[in-house]
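Asks: As a plain string of letters, each chain reads:
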Amino acid sequence: MRRSGRCVSFATIVLVAVNVSACAVFATRETKLQTVKTVGIISAVGDEITFARGGLTGLDNGSQRFPIGSWGLDDLIVQKVTAALNGRFQVQPVSYARAAFAAIKDSPVAPVNLIRSDPFKKLVQTEVSPQGLDAYIVITKAKSTFGGGGRKLEGIGYLNYGTVLASYSQIHALYEIRVFDGKTFDVIEKMAAPPLDDVGAVRIAGPSRMIEESLSLGTGDPAQNEKLHAAIADLVARSLPSTLSDMHLADIR
Amino acid sequence: MLAPAVAMADPLVTLPAPPFELPVLPPVSGTWTVMVGIGGAYNPDFEGAKRSMLSPVPIFSIRRAGSTDQFRGPRDSASIALIDFGDLRAGPAGKFVSSRKANSYSELNGLGDVKTAVELGGFVEYYPVDWFRTRVELRQGFGGHHGAVADFSADFIVPVIERLTFSAGPRFTWESTQATSPYFGIDAVQAMAIGLPVFNAKGGAHSAGVGAQVSYRINPQWEVHSYVEYERLLGDAAKSPLVTVRGSPNQTTFGIGASYAFDVRIR
Numbered sequence: 061m062r063r064s065g066r067c068v069s070f071a072t073i074v075l076v077a078v079n080v081s082a083c084a085v086f087a088t089r090e091t092k093l094q095t096v097k098t099v100g101i102i103s104a105v106g107d108e109i110t111f112a113r114g115g116l117t118g119l120d121n122g123s124q125r126f127p128i129g130s131w132g133l134d135d136l137i138v139q140k141v142t143a144a145l146n147g148r149f150q151v152q153p154v155s156y157a158r159a160a161f162a163a164i165k166d167s168p169v170a171p172v173n174l175i176r177s178d179p180f181k182k183l184v185q186t187e188v189s190p191q192g193l194d195a196y197i198v199i200t201k202a203k204s205t206f207g208g209g210g211r212k213l214e215g216i217g218y219l220n221y222g223t224v225l226a227s228y229s230q231i232h233a234l235y236e237i238r239v240f241d242g243k244t245f246d247v248i249e250k251m252a253a254p255p256l257d258d259v260g261a262v263r264i265a266g267p268s269r270m271i272e273e274s275l276s277l278g279t280g281d282p283a284q285n286e287k288l289h290a291a292i293a294d295l296v297a298r299s300l301p302s303t304l305s306d307m308h309l310a311d312i313r
Numbered sequence: 100m101l102a103p104a105v106a107m108a109d110p111l112v113t114l115p116a117p118p119f120e121l122p123v124l125p126p127v128s129g130t131w132t133v134m135v136g137i138g139g140a141y142n143p144d145f146e147g148a149k150r151s152m153l154s155p156v157p158i159f160s161i162r163r164a165g166s167t168d169q170f171r172g173p174r175d176s177a178s179i180a181l182i183d184f185g186d187l188r189a190g191p192a193g194k195f196v197s198s199r200k201a202n203s204y205s206e207l208n209g210l211g212d213v214k215t216a217v218e219l220g221g222f223v224e225y226y227p228v229d230w231f232r233t234r235v236e237l238r239q240g241f242g243g244h245h246g247a248v249a250d251f252s253a254d255f256i257v258p259v260i261e262r263l264t265f266s267a268g269p270r271f272t273w274e275s276t277q278a279t280s281p282y283f284g285i286d287a288v289q290a291m292a293i294g295l296p297v298f299n300a301k302g303g304a305h306s307a308g309v310g311a312q313v314s315y316r317i318n319p320q321w322e323v324h325s326y327v328e329y330e331r332l333l334g335d336a337a338k339s340p341l342v343t344v345r346g347s348p349n350q351t352t353f354g355i356g357a358s359y360a361f362d363v364r365i366r
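For the protein sequence lines, the chains are B and W, in the order given. Residues in the first sequence are numbered consecutively from 61, following the working numbering. Residues in the second sequence are numbered consecutively from 100, following the working numbering.
It is possible that some hints are incorrect.
[To be verified] Straight line, CA to CA, 20 Å or less: simulated SDA-like cross-link-like pairs of lysine to any residue:
| # | chain 1 | residue 1 | chain 2 | residue 2 |
| --- | --- | --- | --- | --- |
| 1 | B | Lys212 | W | Gly185 |
| 2 | B | Lys203 | W | Ala180 |
| 3 | B | Lys165 | W | Ala180 |
| 4 | B | Lys243 | B | Glu187 |
| 5 | B | Lys212 | W | Leu181 |
| 6 | W | Lys194 | W | Gly242 |
| 7 | B | Lys203 | W | Gly185 |
| 8 | B | Lys243 | B | Pro179 |
| 9 | B | Lys212 | W | Leu187 |
| 10 | B | Lys203 | W | Arg162 |
Derived by calculation from the structure, the hints in this document are not laboratory data. Computed from a prediction, not measured in an experiment: that's the story for all the values here.
Please take these sequences and the hints and turn them into a complete structure.
Replies: Structure (structure tokens):
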């Protein structure tokens, strides 16, 4: 009994010591954000839209990609984020190589992603100007599984999900936001945009909603589809405030 | 600190941010869906047994809000996909095999106990299309047995409606001699005690069968599922006197479960 009591005391001391030292070594996100005054915003989400089929499909369930750079989604994202953050931070315009940010992909080997440094870190150091701001907010494509299979959706897209009795059409805007320290280029905060309240029939780990099937690929070049453009832009605009709020960057809810 | 969560299951609680985060690990802040539940499995008393019994099965999972549970077969071992190409996934897998106590069942009186075994190895699964999965697991036993086990399965996954999914497919298991012998072999001393002939169980094809399951999401919170798995023992597992005299090569498991999902927001 006495021995077990001693062990408990020792374990408590060790836990407290670890906790205190960890707190000293790793400052919390909010502490780091408090020192940030000037920020630059980088968005590389809206270069293309993916049309995917899932669920009960034919043998060919490959997805198709179409350029939608003309929609100016990244400019819209920068505008919306700037508006949301302006009360708290001084947002300064930055120039960056959008294609380089859009080209970064996660490794399919999960431990590699954990071990290597953030793949966007070097780009923020080398492909963004001006340097020297307190922080850089980088918005890039995120991924999500859907249905029960292993395939993933990414970035901006349209999903047609087939079942025996029905089919569902859904658009998605999957993106994640990183906040880089402007001096060390370490990631202060990172979060993928969560689902909205009015989620679609198919569960997707990010902003998505049901949409009329008439907006599908059959109606011609997606870049010319103004209804689809408006629906995606609305999805992005509605999801940004809650995501920025979740990241403690803006209190706009 | 309490705030409503934007999520698909009912937000129940908001937790404060952790006091620190390790740079190498993904941040935990955000909304998570926790699933808890209980199920029951009516399965053979032991492998090769004629009688079955009902045992409780806890259900627990945690995932990012909005993400879907990937398809999982009732026979799948616990596993994590460290390599994920989307349609091709692979990673470590492990299974816990309960001990078999001779004095727990009259059919086993006289046989020695088989200790609890832990099987560790890996899995590879491949989805040529969303509605068809093939999976293989290769595991090495530690503890109760020291053999190798390979499980092969294929599942047709049919979403009837988005909330209702039916799946079914064939299964096959191969086991090495060291994995088969502790459970189906009978040595001279045991033969004297149990009144069955000596049997030297060797490895090889162990079982073949089929399985089916159905799952229904009642609403974002509640989900129910049910499954049936049938396997017929093959090779020396089927030839063992323990099975031919006192048991059955036909092994059927029925399972049913219900789970409740709720959201936790970590600030």
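Asks: Hint by hint, note whether the structure agrees.
Replies: How the hints compare with the structure:
no., hint, in the structure
1, B:Lys212 x W:Gly185, "holds, 6 Å"
2, B:Lys203 x W:Ala180, "holds, 16 Å"
3, B:Lys165 x W:Ala180, "holds, 18 Å"
4, B:Lys243 x B:Glu187, "holds, 15 Å"
5, B:Lys212 x W:Leu181, "holds, 15 Å"
6, W:Lys194 x W:Gly242, "holds, 12 Å"
7, B:Lys203 x W:Gly185, "holds, 11 Å"
8, B:Lys243 x B:Pro179, "holds, 17 Å"
9, B:Lys212 x W:Leu187, "holds, 11 Å"
10, B:Lys203 x W:Arg162, "holds, 14 Å"
Of the hints listed earlier, there is not a single one the structure fails to meet.
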